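Trainee: Given chain G, work out where chain V should sit, using these hints.
2 protein chains.
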Amino acid sequence: MAKIAILGYGTVGSGVFEVITRNNDIVSKNAKEKVEIKYVLDLRDFPGDPVEKVLTHNFEDIVSDSEVEVVVEVMGGTKPAYDFVKRSLQAGKSVCSSNKELVEAHGAELMAIAKENSVNFLFEASVGGGIPIIRPLRTSITADRILSISGILNGTTNYMLTNMSSGTLKYEEALKNAQDKGYAEKDPTADVEGFDACRKIAILSSIATGKNVSFDDIPTTGISKITKTDMKYVNATGGSIKLIAKAVLDENGAWARVAPVIISKENPLSTVNKVFNAILVEGDMLGETMYYGKGAGKLATAAAVVSDVVENILLKNNNVGCLWSEEKMQLESLDDIEVQKLVRIKVNDIEKAEEAVCDIFGVDEFITVKDGETAFITKKEKEALIKEKLEKLSNEAAVKQVRTTILYEA
Amino acid sequence: MAKIAILGYGTVGSGVFEVITRNNDIVSKNAKEKVEIKYVLDLRDFPGDPVEKVLTHNFEDIVSDSEVEVVVEVMGGTKPAYDFVKRSLQAGKSVCSSNKELVEAHGAELMAIAKENSVNFLFEASVGGGIPIIRPLRTSITADRILSISGILNGTTNYMLTNMSSGTLKYEEALKNAQDKGYAEKDPTADVEGFDACRKIAILSSIATGKNVSFDDIPTTGISKITKTDMKYVNATGGSIKLIAKAVLDENGAWARVAPVIISKENPLSTVNKVFNAILVEGDMLGETMYYGKGAGKLATAAAVVSDVVENILLKNNNVGCLWSEEKMQLESLDDIEVQKLVRIKVNDIEKAEEAVCDIFGVDEFITVKDGETAFITKKEKEALIKEKLEKLSNEAAVKQVRTTILYEA
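Chains G and V supply the protein sequences, listed in that same order. Each residue of the first sequence is one higher than the last, beginning at 821 in the numbering used here. Each residue of the second sequence is one higher than the last, beginning at 821 in the numbering used here.
What the hints contain is simulated information worked out from the structure, not anything from laboratory work. No false leads were slipped in.
Below, a list of computed lysine-lysine pairs in the DSSO-like style, where the Cα atoms sit at most 30 Å apart:
no.: 1; chain 1: V; residue 1: LYS852; chain 2: G; residue 2: LYS906
no.: 2; chain 1: G; residue 1: LYS1094; chain 2: V; residue 2: LYS1094
no.: 3; chain 1: V; residue 1: LYS1136; chain 2: G; residue 2: LYS1031
no.: 4; chain 1: V; residue 1: LYS1031; chain 2: G; residue 2: LYS854
no.: 5; chain 1: G; residue 1: LYS1094; chain 2: V; residue 2: LYS1199
no.: 6; chain 1: V; residue 1: LYS823; chain 2: V; residue 2: LYS935
no.: 7; chain 1: G; residue 1: LYS873; chain 2: G; residue 2: LYS852
no.: 8; chain 1: G; residue 1: LYS1085; chain 2: V; residue 2: LYS1094
no.: 9; chain 1: G; residue 1: LYS1200; chain 2: V; residue 2: LYS1094
no.: 10; chain 1: V; residue 1: LYS990; chain 2: V; residue 2: LYS1052
no.: 11; chain 1: V; residue 1: LYS1031; chain 2: G; residue 2: LYS852
no.: 12; chain 1: V; residue 1: LYS1136; chain 2: G; residue 2: LYS823
no.: 13; chain 1: G; residue 1: LYS854; chain 2: V; residue 2: LYS1148
If you anchor each label on the Cβ, the simulated ranges turn out as follows:
no.: 14; chain 1: V; residue 1: GLU887; chain 2: G; residue 2: GLU1146; range: 32 to 40 Å
no.: 15; chain 1: V; residue 1: LYS1048; chain 2: G; residue 2: GLU853; range: 54 to 62 Å
no.: 16; chain 1: V; residue 1: GLU853; chain 2: G; residue 2: ASN1137; range: 15 to 23 Å
no.: 17; chain 1: G; residue 1: ASN1137; chain 2: V; residue 2: THR1009; range: 46 to 54 Å
no.: 18; chain 1: G; residue 1: ASN1137; chain 2: V; residue 2: LYS899; range: 39 to 47 Å
no.: 19; chain 1: V; residue 1: LYS1136; chain 2: G; residue 2: GLU1146; range: 26 to 34 Å
no.: 20; chain 1: V; residue 1: MET821; chain 2: G; residue 2: GLN910; range: 30 to 38 Å
no.: 21; chain 1: V; residue 1: GLU853; chain 2: G; residue 2: LYS1200; range: 36 to 44 Å
If you want the footprint, here are the derived chain G segments under chain V, 3+ residues with CB under 8 Å:
no.: 22; segment: 845 to 859
no.: 23; segment: 938 to 951
no.: 24; segment: 955 to 964
no.: 25; segment: 1111 to 1120
This one's a predicted model, so the numbers in the text were calculated from it and none came from an experiment. From the three backbone atoms N, C-alpha and C, an ideal C-beta is built for every residue, glycine too.
Only chain G is shown next, with the shape it has when bound in the complex (with noise of 0.2 Å):
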């Protein structure tokens, strides 16, 4: 028999209390021994739900308890989810986790104290929600060298990329469809502005380096600035946007970035549209490899979490190594990074705007969707580059305003 505690009883939280109650046959087999959730920690009651009878407002109560094995932290933010999580891994307790702010902000220290106290410290749903990509990444993908790992790590955002691809949506009606279908929070922040892809992307490659990524040194764009013209150049080109986050590991160094990308048809991540979310990882030996599947959802998140307190009911306290110490990795910045780019002017004249860019970038095909408006795809150069050159062609008496520029990927 093992017993395990949940901490928080929101959305994940109870997804993982239905997930352990409806699959208990499965899940105990897999685990091995039969799972029996002993706590559940919340400040609320929840009158006439199943889970009053394991309910405790008091972490004490878990922390103290020896019989308890795995403490399951779906609590959401890091106070008090960090000192709760360090505690019950002090304590000798496992701890699996679906907090990528935690895990992004503390990881490398919360699993040298699993490693300190023979534990584990899991967090599968962190990235993804239900696709299995921690653990591919920790147990399959360990003969490869990592060149680069890119994804579609944020569900609403791609959801509302998705439904703006026609080109009649503008981005505000995006963004209210997206709520009120539940997808997107009042508050849309953390999700339109890249701030969830980036915590996400900054995990994985924090993995793949074995060095701590920080969010904050991730250049990050989200998708608000979009609008419906955009899409319609978008259209142009052949290729569909999405809000890519992406990791890029060689000799020199690493460095990555959170923006929206034009992709092509063959990017095996233009067919992933609507809430889902995909990974694509390339090995040196392996080449790409792509996980998908629905990256948010009560019991699709709940499922991975659940299989991280199967893990480590298994491991007993055979510790699995930390994934990235808490050494900071040095990221290169974007400037020296070869790039192109979608580039939309507005003009005074159209003949001498695009003789302009012909002559600054070197390019003689313009793509046109709209009158008094010119576009074109810079050449692969640096983004430093690239900036200067904009610069340079702003001051250009034909061009009335640099509209806006967009990375693309042939």
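Mentor: Showing chain V alone in chain G's frame:
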């Protein structure tokens, strides 16, 4: 230091040698000890090849050497692979294998022998080449009742179907092309008739049910009958055709099948093209997750084998259990499974033939891409009933011949 032996220095075997040699730092770090190849068994000599130093022609050298911890079986076939694997396990060595034929025919027995001897028999590379699928099923999908598994499990046929999809290439031309590129063997039977995909879905179904699903019990249709004209009908439906290996598990039992299926653009498998493979797993909690990557190829397959080497070294004498038992899994007949089919008929009188279809099948929408023919998609009905109705239809005077039927999934 962990010493290993490789049985077979063919494509995959030389790949394993290369991966362990080139990425020795990564492999050793993940295995938590230095990994060294002590023997490679092959009947041939390889003068000048770095393998020479560790080459042996005698399996007894390996099985009798107590220093050898892990044996890698990449010979293919069951003779002598089965004996070598069995004897290695009995000698207390863990084994990893990429050999789907061996795993399908003897997996249950070999896992049981591994358990008795407190070692492990792992076979990640036997399905999906480089794609992590066996390990995710064992260690990540542990909170779910698996409802179905469907996949594109054969790269050769997927390459051919992708090339045929425009409707300009005959089957024979597509085969020739695949042979020229090295994607199809001189005798392509195992690939094009679906036997390779069948072995792989038998393995996946055995994992999902915990019982032994036999290759011989799975109705299998290959792609060799698909014509250029069939492809035009497929395109007219708006879907794409893939050789789908599928297993469905429900309370009443399980069924499995390998056959060409027209799938809609919404199915995530529809965008899996060329030699890529993908496996879609449906769980009752997780929903659908998909695993995508190179289904074959020297280094990709070898990397998956080496991930098993790493796990075997980490596990030491901890047996992970048997994924399925020797008990035979009884599969349901497909007769009672409800399906839809695209039916293509040659006609003597098109109007009367379509009237007959309308009478017999209750269908009044037709697809026409060629004179003297018509085609339609049946309603969802039991396969046996569709067969009966087709029999009746073929007896109509207005119908010359039921030319083709292809499974259709909306």
